[in-house]
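Novice: So the chains spell out like this:
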Amino acid sequence: MAAPIRSSLNGTAITLIVIGVVLTLLFIAAPVIVIFDQAFAKGFAIYRDNILHKETLHAIWLTLLTALVVLPINTLFGLAAAWTITKFEFPGKRLLLTAIDIPFSISPIVAGVSYLLLYGALGLVGPWLIEHDLRIMFSVPAIFLVTMFVTSPFVARELITLMQAQGREREEVAATLGASGWQMFYRVTLPNIKWALLYGVILCNARVMGEFGAVSVVSGNLRGQTLTLPLQVQLLYHDYNATGAFAAASVLTLLAIVTMVLKSILERRTEHRRRS
Amino acid sequence: MGIDIQQLGKSFGPQPVLRGIDLAIKDRELVALLGPSGSGKTTLLRILAGLEWPDSGNVTVNGQDWLDQPPQTRGVGLVFQHYALFEHMTIAENIAFGLRVRDRARRPANDVILAKVEELLDLMELGGLGKRYPAQLSGGQRQRVALARALAIEPHVLLLDEPFGALDARVRRDLRRWLRGLHDRLGMTTVFVTHDQEEALEIADRIVILNEGRIEQEGTAEEIYDHPASPFVQRFLGGVNEVPIRLLAGRIGVDGIEAGVLKRMAVANDNATLFIRPRDIDVAPNPNGSATIQTVSFLGDRARLDLAFDGDTTVIEAELDRDQLRTDKLGRGQRVQLTARQGRLYDDAAL
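Residue numbers (numbering that gives the first Met the number 0), protein chains in the order written: chain A, 0 to 275; chain B, 0 to 350.
Keep in mind that the hints were calculated from the coordinates and are not lab data. Errors might be hidden in some of the hints.
Derived coverage of chain A by chain B (criterion: at least 3 residues anywhere in the stretch with Cβ under 8 Å from a Cβ of chain B; other residues may be distant) [claimed, not checked]:
hint : stretch
1    : 180 to 190
2    : 237 to 244
Pulled from the structure, derived: some chain B residues nowhere near chain A, Cβ distances all over 10 Å [what the hints assert, rightly or not]:
hint : residue
3    : Gly62
4    : Val75
5    : Pro243
6    : Pro284
7    : Thr326
Here a beta-carbon is modelled for each residue, glycine too, at the ideal position from N, C-alpha and C.
Starting from the given sequences, assemble the full structure and let the hints guide the process.
Specialist: This is the structure:
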């Protein structure tokens, strides 16, 4: 019964582990290494110049700005949606749950196109917006809007799963003890979901910064104006500036690595709490 | 505080869960809501707590309409089966919660709250555990924390939903006796939901048996045990033999069982069933008897016998002292004669 785990390391196990390691190196580590190798291909000075190029800097700024605008909104949305769905009974709840998943199930390109058809010059509300001098398509607000749409389910999904498992008895007890809705949320619900919330925000952030398809449809690709980092990478690459493209890509990769590190710290932390 | 419940009705979608509940709970009474799952007992408790609203009917407490009030102002203490403690707070913080969330005008001073917490920890026999977290406590201790937390707001009514359901047998027995004592000392009105008849019979002043959203019977433990109002109640109280009978000139005839002692009973229909408790069957060794002992099970001081009749698949359970087992040398395979001491007859149409 208490056979040491080591003895189960037979030939099959070793083969599978080797396959796993090789595939990981080949499909995940190699591309990441290539990015940095290419970015630094012409030396550090060129890399620095590429990063500090006005247009690339602007792309970095726009990407961060998008995250700054979209994350709080989607966090609030996710919290509100999860709270509503898991703590209350109401007609149309299933419909709402399905609606929340829509951005996950449709291609980002389709999302971009549908925004174009809605807010574009030939679209449904586009002409009215133009009459009132409001420009949404091919501008920064369009980038915010589609990114918000595409990444809206992350926080909500993460929280709904956890909050459904936790049930609502704690909140119910808090209510009988006299807690108001806000006290219930702040003192009882939030402390129990904070790690999942942070986890959802981090995942959402990764997607916000990397979003390409939907943004490329609505951004209008104005150099130094409406290009986020992923779009800037593509533009540089099409300009035959491979080193520049990889330099920009390396920034995106670094952001991704930071995200991954934060995510794994959080995972270890939640696992630790669950065990104790 | 007396609770007056009138004509309470509630459906979840097309499914009715409460169908006209009328119940008056007296001040300082300990009432058990007993029933199988789906009987509506938990829904009734949740309506009293203000977590659920009925479709029809009234709940009045001391002449006040309770359905007008949210859970926050009803002054009820609520305890769930799985404790629902606030895991991120210490035991002391859990208990103090109801006092801390009050607005400034009604919130006691910090030292008053701390003193109250200490008092409750002592009352719950949890002294010295105030700084621990719920995860560090045993099930029985956690349930007492949940009780202390509910009692901190000095509720008029204590509502318990299967409070001992998640605990092991011994802790459960200790805790329910202790709860009975607590109820008497604090002088609250207590309503608790359970599906465990033994628990209800042991500690409740009055038992309300629910079945499919209706009250099947209410009364003291003696009333319900000695005079079950329906086959449902008798079955729910558990361990009863159901034997089809013949009627012989108004007398009951049961194949294989002497039933002469049973009173004459009027039955409208020829098809009737006799309910006999295992303890109400006498077992006597008799080589010409109609039954054979199939198995003998150990029940501590008592023993349970499974008895079969020749050419019949019916198995009757009888319960007797193990002393008798020894003196009469009863054992497996032995032939015996059964005599019914008492039983209740039900028309098959009512089953």
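Novice: Are the hints correct? Go through all of them and say.
Specialist: Verification of the supplied hints:
1. Residues of the stretch 180 to 190 of chain A with a Cβ under 8 Å from some Cβ of chain B number 4, which satisfies the need for three, so the listed coverage holds.
2. A count of 0 residues in the stretch 237 to 244 of chain A with a Cβ less than 8 Å from any Cβ of chain B is obtained; the coverage claim is therefore unmet, three being the minimum.
3. Annotated as non-interface, B/Gly62 keeps its C-beta farther than 10 Å from every C-beta of chain A; the closest such distance is 21 Å.
4. At roughly 5 Å, the least C-beta separation between B/Val75 and chain A is not larger than 10 Å, which violates its mark as non-interface.
5. The Cβ of B/Pro243 sits about 46 Å from the closest Cβ of chain A, beyond the 10 Å cut-off, so the non-interface label holds.
6. Here B/Pro284 stays apart from chain A, with its beta-carbon at least about 48 Å from theirs, past the 10 Å limit.
7. No beta-carbon of chain A comes within 10 Å of the beta-carbon of B/Thr326; the shortest separation is about 47 Å.
Taken one by one, the earlier hints fail for this structure at numbers 2 and 4, listed in ascending order.
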